[in-house]
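Visitor: What follows is each chain in one-letter form.
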Amino acid sequence: MATITLDKVRKVYGGSVEAVKGVSIDIADGEFIVLVGPSGCGKSTLLRMMAGLEEITTGEIKIGDRVVNNVDPADRDIAMVFQNYALYPHMSVYNNLAYGLKNRGMAKDEIDRRVKEAARILEIGDYLERKPRALSGGQRQRVAMGRAIVREPAAFLFDEPLSNLDAKLRVQMRVEIKRLQHSLGTTSVYVTHDQLEAMTLADRLVVLSGGNIEQIGAPIEVYDKPASTFVASFIGSPAMNLLKVKADGNGLALATGTGLKGANVKGRDACTIGIRPEHLEVVSGPGEGEGIHLEASVNVLEPVGAESYLYSSFADGGDEILVRVSSHARHEPGEKLYLRAAPENIHYFDADTGRRID
Amino acid sequence: MKKLQISDHIILLLGVFFMVTPVVLAFLTSTHDAITIYKEGIQFTPGGEFLENYETVLFEAGGFTKEVNGFVMLKNSMILGLGFAVGKIVISMLAAYAIVYFRFPMATLCFWVIFSTLLLPLEVRILPSYEIVQSLGMVNTYSGLIVPLIASATGTFFFRQFFMSVPDELLEAARIDGAGPWKFFKDILVPLSQTMIAAIFIIMFVYGWNQYLWPTLITTDESMFTLVRGIKQILQVWVGAQIPDFNEAMALAILAIVPPVLIVVIFQSWFVKGLVESDK
Numbered sequence: 001m002a003t004i005t006l007d008k009v010r011k012v013y014g015g016s017v018e019a020v021k022g023v024s025i026d027i028a029d030g031e032f033i034v035l036v037g038p039s040g041c042g043k044s045t046l047l048r049m050m051a052g053l054e055e056i057t058t059g060e061i062k063i064g065d066r067v068v069n070n071v072d073p074a075d076r077d078i079a080m081v082f083q084n085y086a087l088y089p090h091m092s093v094y095n096n097l098a099y100g101l102k103n104r105g106m107a108k109d110e111i112d113r114r115v116k117e118a119a120r121i122l123e124i125g126d127y128l129e130r131k132p133r134a135l136s137g138g139q140r141q142r143v144a145m146g147r148a149i150v151r152e153p154a155a156f157l158f159d160e161p162l163s164n165l166d167a168k169l170r171v172q173m174r175v176e177i178k179r180l181q182h183s184l185g186t187t188s189v190y191v192t193h194d195q196l197e198a199m200t201l202a203d204r205l206v207v208l209s210g211g212n213i214e215q216i217g218a219p220i221e222v223y224d225k226p227a228s229t230f231v232a233s234f235i236g237s238p239a240m241n242l243l244k245v246k247a248d249g250n251g252l253a254l255a256t257g258t259g260l261k262g263a264n265v266k267g268r269d270a271c272t273i274g275i276r277p278e279h280l281e282v283v284s285g286p287g288e289g290e291g292i293h294l295e296a297s298v299n300v301l302e303p304v305g306a307e308s309y310l311y312s313s314f315a316d317g318g319d320e321i322l323v324r325v326s327s328h329a330r331h332e333p334g335e336k337l338y339l340r341a342a343p344e345n346i347h348y349f350d351a352d353t354g355r356r357i358d
Numbered sequence: 001m002k003k004l005q006i007s008d009h010i011i012l013l014l015g016v017f018f019m020v021t022p023v024v025l026a027f028l029t030s031t032h033d034a035i036t037i038y039k040e041g042i043q044f045t046p047g048g049e050f051l052e053n054y055e056t057v058l059f060e061a062g063g064f065t066k067e068v069n070g071f072v073m074l075k076n077s078m079i080l081g082l083g084f085a086v087g088k089i090v091i092s093m094l095a096a097y098a099i100v101y102f103r104f105p106m107a108t109l110c111f112w113v114i115f116s117t118l119l120l121p122l123e124v125r126i127l128p129s130y131e132i133v134q135s136l137g138m139v140n141t142y143s144g145l146i147v148p149l150i151a152s153a154t155g156t157f158f159f160r161q162f163f164m165s166v167p168d169e170l171l172e173a174a175r176i177d178g179a180g181p182w183k184f185f186k187d188i189l190v191p192l193s194q195t196m197i198a199a200i201f202i203i204m205f206v207y208g209w210n211q212y213l214w215p216t217l218i219t220t221d222e223s224m225f226t227l228v229r230g231i232k233q234i235l236q237v238w239v240g241a242q243i244p245d246f247n248e249a250m251a252l253a254i255l256a257i258v259p260p261v262l263i264v265v266i267f268q269s270w271f272v273k274g275l276v277e278s279d280k
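Protein chains in written order, with the numbering used here: chain A, 1 to 358; chain B, 1 to 280.
Excised from the complex, chain B in its bound form (with noise of 0.2 Å):
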């Protein structure tokens, strides 16, 4: 048994030395300036340049048009990952409930219909969504960043099956209560998925703030850019003989990475206790 659990722990050892060796080494590296990381490649002790770095990525502008820095793109994530996040459940949770507590015709079909969505992935469709979000006007705002892509079948698919296993008698019973459709979801619905919304705030909160395609194809202001496709901007200002800002890279990438793993770790503690407490 002893020695099982010592095993155990060697492996949950290796596993979290290769996934976070990566992470502390970006954090160590971006602690340099650049030219130390030109001539010696990655830095694997903390370097003084940390203050300097963090503060030039945040609020110096750079880009080509001297217009953007790494808080506007910061700010530009949250926007998508939040508007992403809560638009997704706020489409899903409604699309579920119309699907399981009313009748109409094709109820059914309309569910595998969102259901087979899953089918097609924005990459699939992304043509003709581009076309249409550009007809409307939507290119380089929030809007046409957050809206084609809030639709969610995972999301409907989630709430349809925690909404089927809520016991009939709750809705006779608010019935009786007279409460009518809004006020039984409002009332009793959405708090008893309180747990279940947190779990998907999670997800989808990282999902939109990772979002890189399609961000990348509808902004072309700089001032909309998102981070995770900031970082790749700052890379390609390769000028003349300059060096490449790969400390600054660094320091947005760790930035990037901060917002969601804050997510996870205050939400986590909620889903837990969602988990556990199981009646309905």
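In isolation and in its complexed conformation, chain A is listed as follows (with noise of 0.2 Å):
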């Protein structure tokens, strides 16, 4: 068990194209941090920087007090559970187990009790004399969890372990984790670009885009005040409506000059609002109650069973935007909707850097 802490830590390919630009996160021991974003942010070749299967350009890795920038990856003391599982095809699953065990020279009583105890935390023990390809997808799953487990490391790394499953599965073995992950009490880094994995699985989030961090925070602290327009649109399902709006006499106008009633501009020109769809009231009448009101017409409703999506557009064509009502509700397309935004719900972001508001 460790601390990780990554100090400005860059990574450039072929000298010209920078993955990572110079990114500090302090994890603490004990700490399940997810890193999320969309393909291409950052977050695996941060993660593999952390193992010691890339290189770090530029900065510097601590697990614990030791700077690991030219430590081996078998000697970072980590263990890292892979998105294809990475299993040896050919090796039992004891061996599987056993493997980085035996590479360290343990004796052979201790291997057994360390395997035996894993096999006994992810129900696999029945399965030990099996090869990979006679399991499951989840029970392969468990096994490459299990050869983390017997390291017995400072932390682990997962590499977007349950993208390979079903989706009932996935929401199985989510829980499993964290589960897991809060018993053994071992620090955790955790890859993923769904960001619904991330909300449930994190004590932190880390939000990268495009090699940088977007914001760091706990899930509900990153879904109530995101940082940027990126955070607001990646956090959160749903996505939250963004709507480009610009001051005019009385308040604030959309792009296509559709005025909003009851919103302020904090003293400025232009900015970007965003509402999550379940923050959309439907009222019955134009300006009833507090905050920012839209008129917009039905295009869409889409049932998902404990809620219905509507997506709407205003009168004069623009920005689409969803709002999220009960699954009873009726509307039909072409529907008048007066919609209202409560004041606290509504995000403000700066209409170039996109960046929150206060």
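Bear in mind the hints are in silico, worked out from the structure with no lab data behind them.
Accuracy of the hints is not assured; some may be wrong.
PhoX-like mimics (lysine-lysine), calculated; alpha carbons at most 25 Å apart, straight line [unchecked claim]:
hint, chain 1, residue 1, chain 2, residue 2
1, A, 131, A, 108
2, A, 108, B, 183
3, A, 131, B, 186
4, A, 131, A, 102
5, A, 225, A, 244
6, B, 232, B, 39
7, A, 131, A, 116
8, B, 186, A, 102
9, A, 168, A, 178
10, B, 183, A, 131
11, A, 102, A, 116
12, A, 102, A, 246
13, A, 336, A, 244
14, B, 39, A, 108
15, A, 225, A, 246
16, A, 62, A, 8
17, A, 8, A, 21
18, A, 102, B, 183
Fair warning: this is a prediction, and the values are worked out from it, not measured in the lab.
Dock chain one against chain two, each of which comes alone in its own frame, and use the hints as you go.
Guide: Below, the structure is given as structure tokens:
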């Protein structure tokens, strides 16, 4: 168990492509950190640099008090779970778990004890003599985690470990990973592009985009106060509505000219406002209650069971806006909607930089 | 559909017929004595000399020096075939491992240089090869017979393609598990390559077994002769009015076929199994 400290870590490929642009993160002992971002944001590269599979161009990575920049992956005291599991196909499950321990010259009975213990925790005891190809995806995933657990490392590194599983199994394994991490208390870094996975697993989220950190924070903090339009659109599903607005005489207006009543511009000429679909309320008439008022017409009603989503657009075209309504709400395409967002649920972002304005 | 099947079978049967008939005839002929064959030509029925003929070619010393018999030649061929196949596999696996997994300057160039040697078969470089082997004093030795032939562009190419298809994560997992380059090769790559090794072993063993030109050149001592070149030697012993020993030549030819056939039969089940179990 240990802390992990990244200090201005950069990764440049081939002298010109900057995949990670000076990232600094302090990971506490026992913390579950999730690196999340779209593909190409540098999250996997960052993880692989912690693992020692990629060289660090500049900056410093410390595991515990030790700078590991030039330490071999095997000597970093970390264990990694790969997306495609990377089990050794010709070895039995037992040997898959034991291989890393054997290479460290551990005594046979200690290896046996650890493998049995990991198998018990993960409930894979019945498959120890099987080859990986005789296992289902979920079982392979458990074996891959077992291989990490037996090492009793200072940190677990997960590289999108659930993306090869089907949806149901993914949810089940997600819960299991969280439970396991809590009971073992091992520092963990988890990479995913799935914001739901990120929200549910993380003690703290690190949202990455284009090799930069967009925001670090607890999942609910990131959800409540996204630091930029990127985070706002990436965290939360369905994504936040982002509307470009500019100041007019009495408040704010959409780019197309439609005025928004009840909003203030915070002293700027233009900005982007963000409202989550779940924070838009259908009201019976214009100007009822506090906050921003919008008028839109329904395009499509999309029921998903527990709730429904209304795709609506403004009278003059332009941006489409997504509204969450109860699953029992009845709306017809073309119907006119009066929408309201409470002031505390409106996010303001700088029109140029996309950064949050408070 | 059914009609198609019948015609398929006819075509297959014809193919089998064309390929097997000469072998069967050679076998049948090899069970007669030399005089019958000389008088009547190829025999279509089994004769009564089976044991005698095969015993003669296997154990009775022949040739000019009366030092070599079929058994010795069989042994020589076996050593050449095995040494050739094993040597090729070892060399080409190591070469492919270096090319695929190690970043060294001009690795790709190295690969293409190796690959381009495919354009230079033994026949093209036979004089310089002989010159080198001869000046190293390796004429009439097993190493002289085998070593100059074991560098294999084909094998290197096959193993390179195979290694490139092994997922990188396996290497990374092994690195985190503390396996160095040698351990990774020994513990992961070699077991994974089993079926590839079996396939190349079959091809190379048969290829090595059938080598004619190089053994002819490099072995002048009859005790080093291989079967394939020995057959000719028997027919050359044609002193005065003696009838050529067609029966023995046929028997030797049959003996020369047996080991490669056995190798193919034994390894092909592995080979097929390997093709079916495709996951890496």
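Visitor: Does each hint hold? Answer for all of them.
Guide: Do the hints match the structure? See the list:
no.	hint	in the structure
1	131/A <-> 108/A	21 Å, holds
2	108/A <-> 183/B	19 Å, holds
3	131/A <-> 186/B	19 Å, holds
4	131/A <-> 102/A	18 Å, holds
5	225/A <-> 244/A	18 Å, holds
6	232/B <-> 39/B	21 Å, holds
7	131/A <-> 116/A	17 Å, holds
8	186/B <-> 102/A	14 Å, holds
9	168/A <-> 178/A	16 Å, holds
10	183/B <-> 131/A	20 Å, holds
11	102/A <-> 116/A	15 Å, holds
12	102/A <-> 246/A	66 Å, violated
13	336/A <-> 244/A	22 Å, holds
14	39/B <-> 108/A	75 Å, violated
15	225/A <-> 246/A	22 Å, holds
16	62/A <-> 8/A	12 Å, holds
17	8/A <-> 21/A	8 Å, holds
18	102/A <-> 183/B	12 Å, holds
In summary, the structure is inconsistent with hints 12, 14 from the numbered list given earlier, while agreeing with the others.
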